[in-house]
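Each chain is listed here by its residues.
There are 4 protein chains.
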Amino acid sequence: MKLFFTAFLCLLAYVGLAQSHSHALGRAIRFPDIAGYKTLKCDLHQHTVFSDGSVWPDIRVMEALMDSLDVISLTEHLEYQPHKDDIPHPDRNRSFELAKKEAKDHQLLIVHGSEITRRMPPGHCNAIFIKDANLLLVKDSLEVFQKANEQGAFVFWNHPHWISQRRDGVATLTDFHKILITQKLLHGIEIVNEHTYSDEALQIALDHNLTLMGTSDIHGLIDWEFGIPKGGHRPITLVLAKERSEEAIRQALFDRKTVVYFKDMLIGRPAELMPIIETSIQIKQVSYIGKSDVLRIQIENRSSMPFMLQNKSSYRLHTSGDLITLQPGSQNFIEVKTLKRLNQLELSWEVLNAVTAPQTHPRHSMRISVPDTATQ
Amino acid sequence: MKLFFTAFLCLLAYVGLAQSHSHALGRAIRFPDIAGYKTLKCDLHQHTVFSDGSVWPDIRVMEALMDSLDVISLTEHLEYQPHKDDIPHPDRNRSFELAKKEAKDHQLLIVHGSEITRRMPPGHCNAIFIKDANLLLVKDSLEVFQKANEQGAFVFWNHPHWISQRRDGVATLTDFHKILITQKLLHGIEIVNEHTYSDEALQIALDHNLTLMGTSDIHGLIDWEFGIPKGGHRPITLVLAKERSEEAIRQALFDRKTVVYFKDMLIGRPAELMPIIETSIQIKQVSYIGKSDVLRIQIENRSSMPFMLQNKSSYRLHTSGDLITLQPGSQNFIEVKTLKRLNQLELSWEVLNAVTAPQTHPRHSMRISVPDTATQ
Amino acid sequence: MKLFFTAFLCLLAYVGLAQSHSHALGRAIRFPDIAGYKTLKCDLHQHTVFSDGSVWPDIRVMEALMDSLDVISLTEHLEYQPHKDDIPHPDRNRSFELAKKEAKDHQLLIVHGSEITRRMPPGHCNAIFIKDANLLLVKDSLEVFQKANEQGAFVFWNHPHWISQRRDGVATLTDFHKILITQKLLHGIEIVNEHTYSDEALQIALDHNLTLMGTSDIHGLIDWEFGIPKGGHRPITLVLAKERSEEAIRQALFDRKTVVYFKDMLIGRPAELMPIIETSIQIKQVSYIGKSDVLRIQIENRSSMPFMLQNKSSYRLHTSGDLITLQPGSQNFIEVKTLKRLNQLELSWEVLNAVTAPQTHPRHSMRISVPDTATQ
Amino acid sequence: MKLFFTAFLCLLAYVGLAQSHSHALGRAIRFPDIAGYKTLKCDLHQHTVFSDGSVWPDIRVMEALMDSLDVISLTEHLEYQPHKDDIPHPDRNRSFELAKKEAKDHQLLIVHGSEITRRMPPGHCNAIFIKDANLLLVKDSLEVFQKANEQGAFVFWNHPHWISQRRDGVATLTDFHKILITQKLLHGIEIVNEHTYSDEALQIALDHNLTLMGTSDIHGLIDWEFGIPKGGHRPITLVLAKERSEEAIRQALFDRKTVVYFKDMLIGRPAELMPIIETSIQIKQVSYIGKSDVLRIQIENRSSMPFMLQNKSSYRLHTSGDLITLQPGSQNFIEVKTLKRLNQLELSWEVLNAVTAPQTHPRHSMRISVPDTATQ
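Residue numbers (this note's numbering), protein chains in the order written: chain A, 1 to 376; chain B, 1001 to 1376; chain C, 2001 to 2376; chain D, 3001 to 3376.
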């Protein structure tokens, strides 16, 4: 019955649904901006029927709107076209163009990208911020990276830990990858792809100064693949950009200003990760309880992810063990035994679901000032 | 990352998800079989990227498996091909073939169909159980129905109440439709399409002996369009077939053995509708309460839809007014004031969310036998 | 550990819990005020350990605050004291006094009441707005009513359909009740008590000009008895009072200005019932869809109960059968086939879950004005 | 309306509610039995109207049945009787007797107890498994412990960290407590009371060989205080007893065979804690994925608490970081990169929400055998 309704009307209806849904079930992914930067939610590796995905580009736009994303890229395989019997399309920019049109009345940015799809090495890589995907249809595995870079592309290595290309699932640099990195043809690496995470890929990124990337690599439906109705979320890359513009995002990627959000976990270098944690977790009210020396602290979690904190200060908590969880978007209360009345104190937490290096969780320090009148 | 995984593995994962989902949230649509017939759940009007839909056929198969459907048909528009720049496909059977392949390891039946897409008259019609859709690409509006019928097709009129073709939304037979009916070229009519229902279409069906049809006419995603996570369901046609086979289903459609399930409402002729209600609603336990003359009756609703019943017997209910709702898949208790102790009695209910004719709701009669020992 | 904390602090904590709960799960019962009157939510029949209930009066106050009630009465049995071995209390005002103290910092009004507890006739009756319950400890069944009335009490007959006193559950006036009514000693009658409803009691009220009452008659916990976490609610009496004061409420009761709210059903005389329905259901936006003659109407339900409406106008609905449900606190959209473009129209609905007399549901009339520019 | 219904019938109704509730929302607390011992769920510190609580004993029995507890004790304050104006009861055994009667048709055991309620030292202590509470009404603070012990009581120190008796909330042994311990008059200590936990109390228990206790100390309603509808649970003591009998439970308490369950955390000595973790977490299926060296392991959590595990083995996980949560009663899947195909391996986890000493979490070791055919 859709025939003469415009796609735009349908889209609005979907987004309306998404919005009411978001409020009720918290589908929208939320992270606060940090000082000087926008915290942009990006999923820069996705597929549609224009390579081996199962949906038209319009669905990808609607999914992104429902998830409150800021940026997406549809990165069709250049070399792998299982639908080519049905979609022989000569123009590899088509998926991008359709998404762009679909998103034109929304804030969502569509970044032009393609997946360079090779055997190992180099395996699969995404080139985004490209100008013409057709020009990347070249045979030579090195030349395609040069062509992408000539277009100003930001290029990252996809799922280096993929068990179809590495049976042990251990991300490992080959000589070819080292050349790409040395020649500045490869700039980032997926440490998170779809349902997987790689400590080894994280270590490679740290060792070789690559941008940390996390993507859904969605082929089917976001809602099914990531269990959205049950509270799941797709993996994304938080890009800390000076402004909401394509150029600022591209620059931020080259500057490695990213944090990966995966299964309620944040992975990033301290310079980007810590400001996100610090702006997400806000101290609201502080007061001593009655005549006691137990300090009650109200902590707001302004993000849509839970934070799991382990107490590393010498103060003990009155109403829990050493582990607390700050639920998404909620007010939380902790009670700290300060032993005597203090004007200020410092609490220190290991953020168990944040990662700065393999097996390494950052410390989050809370400086607390107690107002003079703060006796409840 | 999907590249070398087979679609089959992915499908299993999706269905696994669907099954756990079904148990938790009740997504699976359930109606009991009736005496002598299977109650088959069919959605016989759907679209994919092969006409103006937004998904590949595999998604339609997975949605159907999640909803516990028995039969689907992908009825691409023959004459409306907005994706033709990308999918110039000469073979109009392609969508059917891809779905068939996708469903090969499941019980789900895929019926071959196409949507004949014309201005009014005759508007849009679906021909299902066809053999070759390509042969239906004929210009003449009458000839296409003849060609479809030559293939043994069951043909039904889609959304006769569509406001893009009737600005008042009132289904009305044209002379052309009358000819189609008289010549036995048109056999059914949608009284339900997507989010809409038409009393007038129901009246036409009753007046002209047409099969009652209800379909999702899905173009986007079932989950979004019908609010599945919030407990919604797609419209379907329940087909009462002698067995689970294509031929039996086709025969049942020609025999008008259908009931439409739409927004928790059942619409059908009494001969088909009443047995579904009667097998869905089962009396379990019957006993008088203590020393009183109030009879407690346990009623099971074996279907996945709620039944809204209005008391039309002379007996009054003790724990409610005249309106009760039997929740999906639940045990319900009612208490009836029988005035004195009876061995048997008959209760009569108007089923408010069942419809047998415009503005007409059927009566459901419950014959209750009270066991001698039935005093709790 | 409660020892030195004041009950007041605990109460606040409970109410805080209740408030967050209310927003999330809709526990608070809400009905809008009507023109000239406050719509006060009253539960005027409850028990505590001071007769045969299982909780101290403070729990009753907290339950009422959680449910957003305006008025409660703790109506201990005068003559039935199963806890008397433990609570020999000579002062029958004690329960009232404790509740009053507990509620002192809240808006909740505590009305002084007692349950006169006799065999049939007259069975059980509540006297509320009394001054001293001890003075009602008189043997003679008529005299106790006179004593209550001397104190200015409003007196109502409890559960006239109780199967422990009428094995058939059929409320029936005895000669004794007729005398009480004639002498203006009995003013109201419960048509709803706990989980039960009586059409016969409603008829008695209408025939003899008695005030309609509905109460929880709670002995255990409101949360358990009425399935609060699953969305249930306790039965209450909506009292339409000139202001939120004891005297105004007492006057409204004598004036029969009540509506009973029971299992998502409203029961009342039209003069009181219809204004509540009319202020609960508000037309928000009205516009024709596209170029069609189908009118889209946004309807807000401002109450916390669902309204089940059956279409009784000659216009057909485009997106449903004749039955619609306006969910609590929600925006609802209906589409009406007006056949041609109208500037105004009237819709008529039978409110299936409202009752004005046995087996009788009122009509709710919606007058709709269509703005000139109302084409979407 | 309760008057002539027996409390027993009401109880059944409540429990029926609880059971359906349990299945849907998981209210029932579940831990598997361990080898040689029953894992009994006990809440041995509770109040009713017979001291400063707000409910009659029957509510405490019903709450316990709903929570699937095995044992409760109603430990009324001996010396603190704020309801004494209303309940002057001379017999301090009354609360126990009423609960016993209420529970007579259920498996629930009622243990006779009382709270010895003094200023510090010794503060409050519970004596359970007593014979006659009246005999404990003695003035001398040492003598009351001797009297309790003469009755065979198990005695534990309540909330040693209570800020009303220790403004810093730090549990500290006084000389008086040391005497009680030395003379074997005090056997246990609450490390958990209501909403609070004390590392210092845990250290005292470990240093002085005291039994670890955790209790709700409930005064109001379990459902409200511990947020049951939102998935909360009351604190309890898991007692590992040779059988389900009062004597076996008493013996287990004296033998310090307890683990405390508090806010989804388990606290205990390794000898008792580890078997509970080991029987709760079960390896189900193990197989390598496809042709890869990634091992897929299905892990069942048979308890009603989530387990939060941090990977401490050298193997990395493929589908998560180092932190996993095994949800209550669920099947969980982890994927381990074993680098090459192994026949067996050992995984090691820090159980973050289990505690064996202040700030100390136990290691849980999983020995995994891989079947030869285990390739999926």
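Please keep in mind that the hints were generated in silico from the structure rather than gathered at the bench. There may be inaccurate statements among the hints.
To be verified - Within a straight-line C-alpha distance of at most 25 Å, the following computed PhoX-like cross-link-like pairs (lysine-lysine) qualify: (1) K3104/D x K284/A; (2) K100/A x K242/A; (3) K2101/C x K3084/D; (4) K2230/C x K1263/B; (5) K2230/C x K3263/D; (6) K1131/B x K1184/B; (7) K3101/D x K263/A; (8) K1263/B x K2312/C; (9) K84/A x K1084/B; (10) K2312/C x K1312/B; (11) K84/A x K1100/B; (12) K1284/B x K84/A; (13) K3101/D x K312/A; (14) K2084/C x K3263/D; (15) K1284/B x K2263/C; (16) K100/A x K1100/B; (17) K1038/B x K1284/B; (18) K263/A x K3104/D; (19) K312/A x K3263/D; (20) K230/A x K3104/D; (21) K2230/C x K1230/B; (22) K2084/C x K3101/D; (23) K104/A x K1084/B.
Just so you know, these numbers come straight off a predicted model, no measurement behind them.
Against the structure, the hints come out as follows:
Distance hint between K3104/D and K284/A is unfulfilled; the C-alpha atoms sit about 50 Å from each other, more than 25 Å. Annotation: proposed proximity of K100/A to K242/A holds, straight-line Cα distance about 23 Å (limit 25 Å). Between K2101/C and K3084/D the alpha-carbon distance is near 17 Å, which keeps this suggested pair within the 25 Å criterion. Taken as a hint, the K2230/C and K1263/B pair is honoured in the structure, with Cα atoms around 22 Å apart against an allowance of 25 Å.
Between the alpha carbons of K2230/C and K3263/D the distance comes to roughly 23 Å, so the proposed pair stays at or under 25 Å and holds. Simply put, K1131/B and K1184/B have alpha-carbon atoms about 19 Å apart, close enough for the 25 Å limit, and the pair holds. Annotation: proposed proximity of K3101/D to K263/A is violated, straight-line Cα distance about 50 Å (limit 25 Å). Under the criterion of a C-alpha separation no larger than 25 Å, the hint pairing K1263/B with K2312/C is consistent with the structure, at around 20 Å.
At roughly 14 Å between alpha-carbon atoms, K84/A and K1084/B fall within 25 Å of each other, so this suggested pair holds. Straight-line distance between C-alpha atoms of K2312/C and K1312/B comes to about 19 Å, which keeps the hinted pair within the 25 Å bound. Taking the CA atoms of K84/A and K1100/B, the gap is near 19 Å; set against the 25 Å cutoff, the hint holds. Under the criterion of a C-alpha separation no larger than 25 Å, the hint pairing K1284/B with K84/A is inconsistent with the structure, at around 58 Å.
Distance restraint check for K3101/D and K312/A: the Cα-Cα separation of roughly 49 Å exceeds the 25 Å cut-off, and the hinted pair is therefore not satisfied. For the suggested pair K2084/C and K3263/D, the alpha carbons sit about 39 Å apart, so the restraint of at most 25 Å is broken. For the given pair, K1284/B sits about 24 Å from K2263/C by alpha-carbon distance, which is consistent with the 25 Å threshold. About 33 Å separates the Cα atoms of K100/A and K1100/B, which puts this hinted pair outside 25 Å; it is violated.
A C-alpha spacing of about 23 Å is found between K1038/B and K1284/B, which places the hinted pair at or below 25 Å, so the restraint holds. For the hint linking K263/A to K3104/D, the alpha-carbon distance of about 48 Å lies beyond 25 Å, and the restraint is violated. A distance of roughly 20 Å separates the Cα atoms of K312/A and K3263/D; the hinted pair therefore holds under the 25 Å criterion. Proposed proximity of K230/A and K3104/D is contradicted: the alpha carbons are some 41 Å apart, above 25 Å.
A C-alpha spacing of about 16 Å is found between K2230/C and K1230/B, which places the hinted pair at or below 25 Å, so the restraint holds. Between K2084/C and K3101/D, the direct Cα distance comes to roughly 17 Å. Compliance with the 25 Å bound is thereby established for this hinted pair. For the given pair, K104/A sits about 22 Å from K1084/B by alpha-carbon distance, which is consistent with the 25 Å threshold.
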